[in-house]
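S.K.: Now for the letters of each chain:
2 protein chains.
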Amino acid sequence: MNSRSTELKLIEIIKKEVSSETPLTSVITDIGDDCVILRPTKEADLVVTKDCMVEGVHFDLSYTTPYFIGRKLATSNLSDIGAAGGRPLWALLGLGFRSDFSTAFYQSFFKGLLSSLKREGVGLVGGDTVSAKERLFFSLTLIGEVPKGKFLSRAKARPGDRIFVSGPLGDSQGGLFLLQNRIKPPIPRNPLKYLIKSHLDPSYPMGLGRRLLELDLASSSIDVSDGLSTDLWHICERSKVRCIIEESAIPISRPLRLLSKAAHVRPLDFAISGGEDFEIIWTTPPHKAQEVKKVASKLLKRPPYEIGYVEEGKGVFLKDSRGKLREIGRLGYEHR
Amino acid sequence: MNSRSTELKLIEIIKKEVSSETPLTSVITDIGDDCVILRPTKEADLVVTKDCMVEGVHFDLSYTTPYFIGRKLATSNLSDIGAAGGRPLWALLGLGFRSDFSTAFYQSFFKGLLSSLKREGVGLVGGDTVSAKERLFFSLTLIGEVPKGKFLSRAKARPGDRIFVSGPLGDSQGGLFLLQNRIKPPIPRNPLKYLIKSHLDPSYPMGLGRRLLELDLASSSIDVSDGLSTDLWHICERSKVRCIIEESAIPISRPLRLLSKAAHVRPLDFAISGGEDFEIIWTTPPHKAQEVKKVASKLLKRPPYEIGYVEEGKGVFLKDSRGKLREIGRLGYEHR
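So the protein lines, in turn, are chains B and C. In this text, residue positions in the first sequence follow my numbering: the first is 2, and each later residue adds one. In this text, residue positions in the second sequence follow my numbering: the first is 2, and each later residue adds one.
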């Protein structure tokens, strides 16, 4: 196909896939226009995020599928809105296409993207479709709402606060390790599948940020997109505090332990600098620690992990079993 | 530079350039977070658009500069919001960078982008910066407001309405023709410069759409991004009408006439299928035609051009001096 006929085909696919969605009463004009008119709730602020994904940088077609690319594009944006305590509502997609890919490829991408957006009640309401020549790219803008004047920021962690994380860390990085190594370390099939899924189609704690915001149970929060050390570093920098993480408290899944052993990589290396886990890290004042555990447990259907505490100072520190501190700085996962 | 150090440099540039802007009271958190919190006006709907630009597809670095790329990226989005009658407020930028370009290149891009956004009071409030490897891309999302329940759509042109355009057509396409042809047709320096500027740094009728909406003077409107024939075709299709354009009434600038003569291309070919003029085409009921001319003249500081009328039917037609109709269909400018 040439790029014009690809573009027209893509617009057809979008119209078909999108019109099969429940119509959103808050969308006043449809996707065919250059602009979309949206009606926010009166007593709400907007929360907006934008994440891009580039072929060969954020994903590799030798080991992922268009369906999973669509899902992960949605997840990385939904996770940002979620960690801010927001409710996602509308998405706009910038799609840089390759003309040498089939219609089926893009249909599968849209099925993935829309399956994730739909689950959260988000409508794909607009965007732009352009030729990207030899390298696919996607740019998703997600618009949501937070109660007026309320949102979870990175800037309000206070000394004494406890640090929690919603789930195990490093699984996504472990999955990537498996996908990138042609010779798979000898681990059983199920853990292997679990880790690979953690990278290709990571889950995230849907609704947790909003619940923490509604009940005023978190002083700060962030999603783990760049890795525990980098993301906590953002909280430290913005809140002007330091974070102490108990090495032994960092949640590591059984599959990741198996992989670490087989591959001779310390599990902590995956967990500390691995990105794209899309769990939420948050801080809670000590007198609310019991309550936040109860609330998060109910929502997550398992307890959250308390991994450390906030102090006066600067930087992110790991505390080993003998109480020795080691600064871990900003070692997060970096896209090539 | 490698892509990580480029990314950090870029974030530095963004922070510096953006913080030198007037702070927006409607922005609650700053650009350092994954999300931005924005406060819309109570009695407004949102109007949102997104346009992407790709190196070698929408611009060519052999004849444009990063400054002009930034300006045009802003213009194409501002023009969409303007044609909908909206007031632009906030922008988010997806930047796909090349590591082999200098810091000065990106500084210049941001200067261009911000100069255009600033002029309209728009704040660059967020976005994402990623490696694009060998081909730059930009994805801008622009969010604005319209009065609740009111906006200029493409769907409400009615038989009998007059068709107006805010300025001459085809100049941008003429400029592109000059830029793409190594052997320049023999036309004087000033018309040549005018046409090249029309392509590299097109102007647009700032505020016109909003004025037409406020005074309820337009039944439909669209900006000329793809060319007169394609853009009018959108109005026809959405409004279920046909448009008759008087061939002799299509505004052609003197520089474009000079170029057409020297290059042996009919000026109408530039004007009808040339895109990126960013003028507004709109329709007005006949009893408001005099008033809309007055209002537009005042704002544009010259009269708008009345180029035709709306009838029952389908399609876009050109009417020659003998009254003969010719369907011109959807011949607009297409990016390669």
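Accuracy of the hints is not assured; some may be wrong.
For identical chains, the list gives no copy identity; a pair is met inside one copy or between any two copies.
Simulated pairs of lysine-lysine, DSSO-like, Cα-Cα distance not exceeding 30 Å [as the list claims (entries may be wrong)]:
#, residue 1, residue 2
1, LYS119, LYS43
2, LYS16, LYS241
3, LYS262, LYS198
4, LYS299, LYS198
5, LYS151, LYS299
6, LYS134, LYS241
7, LYS134, LYS185
No lab work stands behind these hints, which were simulated from the structure alone. Small disclaimer: the values here were computed from a predicted structure and weren't measured.
S.K.: Please go over all the hints and tell whether each is borne out by the structure.
M.R.: Cross-check of the supplied hints:
1. For a Cα distance limit of 30 Å, the shortest separation of LYS119 from LYS43 qualifies both inside one copy, at 23 Å, and across copies, at 27 Å.
2. Taking the shortest Cα distances, LYS16 and LYS241 sit within 30 Å of each other only across copies (19 Å), while inside one copy they are farther apart (47 Å).
3. Taking identical chains as interchangeable, the C-alpha atoms of LYS262 and LYS198 lie at most 30 Å apart only when both belong to the same chain, with a minimum of 20 Å there against 63 Å between chains.
4. Only within a single protomer do LYS299 and LYS198 lie at most 30 Å apart by alpha-carbon distance; the minimum there is 24 Å, versus 62 Å between protomers.
5. Within a single copy, LYS151 and LYS299 get their C-alpha atoms as close as 23 Å, which meets the 30 Å cut-off; across copies the closest is 44 Å, which misses it.
6. Neither within a single protomer nor between protomers do LYS134 and LYS241 lie at most 30 Å apart by alpha-carbon distance, with minima of 44 Å and 35 Å respectively.
7. Taking identical chains as interchangeable, the C-alpha atoms of LYS134 and LYS185 lie at most 30 Å apart only when they sit on different chains, with a minimum of 29 Å there against 34 Å within one chain.
Consistency note: the structure conflicts with earlier hint 6 alone.
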